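**Q** The hints should help you fit chain V onto chain E, whose structure is shown.
The listed protein sequences correspond, in order, to chains E and V. Per the numbering used here, residue 17 is the first one in the first sequence, and the count goes up by one each step. Per the numbering used here, residue 5 is the first one in the second sequence, and the count goes up by one each step.
No lab work stands behind these hints: they were computed from the structure. If you're wondering where the values come from, they're calculated on a predicted model, not measured in any experiment. Treat the hints loosely; a few may be bogus.
Said to hold, decoys possible - These stretches of chain E come out as covered by chain V in the derived footprint (C-beta under 8 Å, 3 or more residues):
| # | segment |
| --- | --- |
| 1 | 23-29 |
| 2 | 69-77 |
| 3 | 81-88 |
| 4 | 118-125 |
| 5 | 310-320 |
Yeah, the Cβ is synthetic: ideal placement off N, Cα and C, and Gly gets one too.
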Amino acid sequence: MEWYLPVIWAGLIGTAVAMYVVLDGFDLGIGILFPFTPEEEERDQMMNSVAPFWDGNETWLVLGGGGLWVAFPMAYAVIMPAFYLPVLGMLLALVFRGVSFEFRWVAKPSHRMWDIAFAGGSIVAAFLQGVILGGLLQGITVADGQYAGGAFDWLTPFSLFVGLAVVAGYGLLGATWLIMRTSGPVQALARRFATPLLLAVLGAMAVVSLWTPLAVDRIAERWFSLPNLYLLWPVPLAAALVGFGIWRWLKQGREGLPFAGAILLFLLGYAGLVISNVPYLVPPHLTFWDTAAAPASQIFLLIGTIFLLPLVLGYTAFVYWMFRAKVEPGEGYH
Amino acid sequence: MEFDPVLLARIQFAFTISFHIIFPAFTIGLSAFIAVLLMAWRWTRNDKYQRLARFWTKIFAVSFAMGVVSGIVLSYQFGTNWSRFSEYAGNVIGPLIGYEVLTAFYLEATFLGILLFGWNRFPPWLITVAACLVATGTAISAFWILAANSWMQTPAGHEIRDGVAYPLDWLQIIFNPSFPYRFAHMLNAAYLTTAVVVLAVGARYLLGGRHIEESRTMMRMAVGMIAVSATLQLVIGDMHGLNTLEHQPVKVAAMEGHWSGRDPGALVLFGLPDEEARTNHLEVAIPNLGSLILTHDWEGTYLGITDFPEDQWPPIANVFFTFRIMVGIGLLLIVTGFWGLYLWWRGRLFDNRLFLRATSHMWPLGFVAILAGWFVTEQGRQPWLVYGHLRTADGISPVPGASVAGTLALFVFIYGIVFATGIYYINRLINSGPKGEATEAAAGVPNRPLSAAEEATREATGRPANEGPGKPLTAPKG
Numbered sequence: 017m018e019w020y021l022p023v024i025w026a027g028l029i030g031t032a033v034a035m036y037v038v039l040d041g042f043d044l045g046i047g048i049l050f051p052f053t054p055e056e057e058e059r060d061q062m063m064n065s066v067a068p069f070w071d072g073n074e075t076w077l078v079l080g081g082g083g084l085w086v087a088f089p090m091a092y093a094v095i096m097p098a099f100y101l102p103v104l105g106m107l108l109a110l111v112f113r114g115v116s117f118e119f120r121w122v123a124k125p126s127h128r129m130w131d132i133a134f135a136g137g138s139i140v141a142a143f144l145q146g147v148i149l150g151g152l153l154q155g156i157t158v159a160d161g162q163y164a165g166g167a168f169d170w171l172t173p174f175s176l177f178v179g180l181a182v183v184a185g186y187g188l189l190g191a192t193w194l195i196m197r198t199s200g201p202v203q204a205l206a207r208r209f210a211t212p213l214l215l216a217v218l219g220a221m222a223v224v225s226l227w228t229p230l231a232v233d234r235i236a237e238r239w240f241s242l243p244n245l246y247l248l249w250p251v252p253l254a255a256a257l258v259g260f261g262i263w264r265w266l267k268q269g270r271e272g273l274p275f276a277g278a279i280l281l282f283l284l285g286y287a288g289l290v291i292s293n294v295p296y297l298v299p300p301h302l303t304f305w306d307t308a309a310a311p312a313s314q315i316f317l318l319i320g321t322i323f324l325l326p327l328v329l330g331y332t333a334f335v336y337w338m339f340r341a342k343v344e345p346g347e348g349y350h
Numbered sequence: 005m006e007f008d009p010v011l012l013a014r015i016q017f018a019f020t021i022s023f024h025i026i027f028p029a030f031t032i033g034l035s036a037f038i039a040v041l042l043m044a045w046r047w048t049r050n051d052k053y054q055r056l057a058r059f060w061t062k063i064f065a066v067s068f069a070m071g072v073v074s075g076i077v078l079s080y081q082f083g084t085n086w087s088r089f090s091e092y093a094g095n096v097i098g099p100l101i102g103y104e105v106l107t108a109f110y111l112e113a114t115f116l117g118i119l120l121f122g123w124n125r126f127p128p129w130l131i132t133v134a135a136c137l138v139a140t141g142t143a144i145s146a147f148w149i150l151a152a153n154s155w156m157q158t159p160a161g162h163e164i165r166d167g168v169a170y171p172l173d174w175l176q177i178i179f180n181p182s183f184p185y186r187f188a189h190m191l192n193a194a195y196l197t198t199a200v201v202v203l204a205v206g207a208r209y210l211l212g213g214r215h216i217e218e219s220r221t222m223m224r225m226a227v228g229m230i231a232v233s234a235t236l237q238l239v240i241g242d243m244h245g246l247n248t249l250e251h252q253p254v255k256v257a258a259m260e261g262h263w264s265g266r267d268p269g270a271l272v273l274f275g276l277p278d279e280e281a282r283t284n285h286l287e288v289a290i291p292n293l294g295s296l297i298l299t300h301d302w303e304g305t306y307l308g309i310t311d312f313p314e315d316q317w318p319p320i321a322n323v324f325f326t327f328r329i330m331v332g333i334g335l336l337l338i339v340t341g342f343w344g345l346y347l348w349w350r351g352r353l354f355d356n357r358l359f360l361r362a363t364s365h366m367w368p369l370g371f372v373a374i375l376a377g378w379f380v381t382e383q384g385r386q387p388w389l390v391y392g393h394l395r396t397a398d399g400i401s402p403v404p405g406a407s408v409a410g411t412l413a414l415f416v417f418i419y420g421i422v423f424a425t426g427i428y429y430i431n432r433l434i435n436s437g438p439k440g441e442a443t444e445a446a447a448g449v450p451n452r453p454l455s456a457a458e459e460a461t462r463e464a465t466g467r468p469a470n471e472g473p474g475k476p477l478t479a480p481k482g
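Next up, chain E with everything else stripped away, as it sits in the complex:
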């Protein structure tokens, strides 16, 4: 068996998930910050800053989920039933939020319901994504290659905590995005929220970093055995430094750097989770070799991906670049 194919695919899906978390993260973050201003014009501006992108951003979720099915059908078939309720709940939240981008404008002036749908959908989707992540980290019951737990196994204090952490994290991404992409009252609002959110995120990262090794021996061993201890300590150190950097940049009133810093912080946190769990896709039972699809299937899609993914990244970057100007109040297509 080609041992490297599952590794390549794990890398690709990991990348897709990272892209999703960063891109839809700031996008959901806008919705998380939405309730904090009652001003219609500010909400319009917040929404307009992501309106051209949200759809493309969310496509990474489909690539992540679809990619998991393609490359690791068994993991997909175990994870989805295990998180049946939170997954469907997240999707329904995304339904509400996604349609409100368009509905809100058509509904004007009576669009209060879609303001609530946008904010509520974003918060619930972010929270449940965190819950799913937390549930995955704490492990799933598997027997005979099938999910063998109950409907509410995912519901633990830890998964709820991770849910809140993800809401704060996406809020931080959203706030720093708004600092970069808007001016005036919206930018001021985002600045007000960025620092507390940053502290919440750093706190949550610290808690998760302590909680998981204490609860799971496998993770403790990964981080604290030799020589790993020497190799891995730069990850939390870098996270702390980046956190400090964002705090400084926010104080200095920088516009682009806090967003870049927030992305970096997310990626470092993500790297920490990957380090804790490699090579498990379904901790602590199934590795990516256990659950890999037939090599012929993995190769078939890989060939296309090699050509198509750079193309996708290219035109995504093109569109982001085309819309690089700050969003002014009163601007939009409707």
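**A** Relative to the frame of chain E, chain V by itself:
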């Protein structure tokens, strides 16, 4: 309370996919229409095309959003509700869905941003290119979905080992025996459905004496499209039927209400199929015409329902009736298309009240026909998930029935609210019409270049000229 997870999972999937399919069907056609309008605008420099394109783009945006969100749900439902099927077929179908994401979803989603938000920011050619890319993306998306669906109907190019399908030949998997017919039938259905909506909207405006120039353009384009694509649909449908007879004979027997293979097939116009008695009640039929259509021989015979064991029967009545609804609408649309052509030829297309009134109510017909067609093909596949290989009952997830029931109730509730509202909003956009589009563009709610006076106000006050939340600017037409 006992819940049957198989039945509930089937209802949940049927419910969500029925909602979903309406929107892609519409946006496949609409994106092509918008691309054609924009190309016509670039070619003729006639601004009516641009007004029409912008008007339909708004409706497209609302429909597309609903298609996207309901589609994301579906892509995860394979895993949540059908995890055993996902494992069984993942090696084969998974990559097809993967290619759909990579070749179509990103293309549509990314360039939609330019099509919607670029109007006063980017040059017209870029908007036109974006529209063409979005239209191409939607058609490519249909290609992959239909390939995956067709493989479930007529699986080919794989082998089964230890209860899991493994790919042998990708060309055979993608271009499986029923794929070309299904893809052509669906794509044409999408264009036809959109043309019917465009015709209905044009007729509605003309009846109200509004947007005359734009409506005439819409009516001409739609009538031409309907005459061609509805006729073509009859031909494709016939070929598809012959293909189904070859690969899924019991489905065709159910469609025809044809019980015994010893008799030549009649064309049953109406009847009430009775599975117990194995016959149709109140049957109105033309003898032997079924044989003529399917075997091209007046005395030809083909297998009937009772030639198959009962545990391989699809739900006969559902397949029988939905097939009649689809075909009935198809024939009605052919008549409509040629009636319109005749009126056009006589120079009466825009003032024949009967035609205008009839067609103004026709907008749902294409959607109903598409749904009916899907019911025929998907229910006709039962009791199989992968035809002849994997039974539906063996494909579901190990999930408690109560979870499926709970989420089904949520889906019904939420989709009910969200999509009813969406359709209401689309109707509202249609009511405001393309003329409103032009004045609204000048009124400044969209991204328009600021007028000089506003620019001055802006510079003087540091704030935009509009005041008060949500109040549209009232700048004169620039």
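**Q** Take the hints in turn and mark each one as holding or not.
**A** For each hint, the structure was consulted:
1. Only residues whose C-beta sits within less than 8 Å of a C-beta in chain V count toward coverage, and the segment 23-29 of chain E has 0 of them, not enough to reach three; the restraint is violated.
2. Figure legend: the segment 69-77 of chain E, annotated as covered by chain V; annotation consistent (6 residues with Cβ-Cβ distances under 8 Å, at least 3 required).
3. Closer than 8 Å: that is the beta-carbon criterion, and the segment 81-88 of chain E has 6 residues meeting it against chain V, so the requirement of 3 holds.
4. For the segment 118-125 of chain E, the stated coverage by chain V is satisfied: 6 residues place a CB nearer than 8 Å to a CB of that chain, which reaches the threshold of 3.
5. Counting residues of the segment 310-320 of chain E whose beta-carbon sits less than 8 Å from any beta-carbon of chain V gives 6, enough to reach three: the coverage restraint holds.
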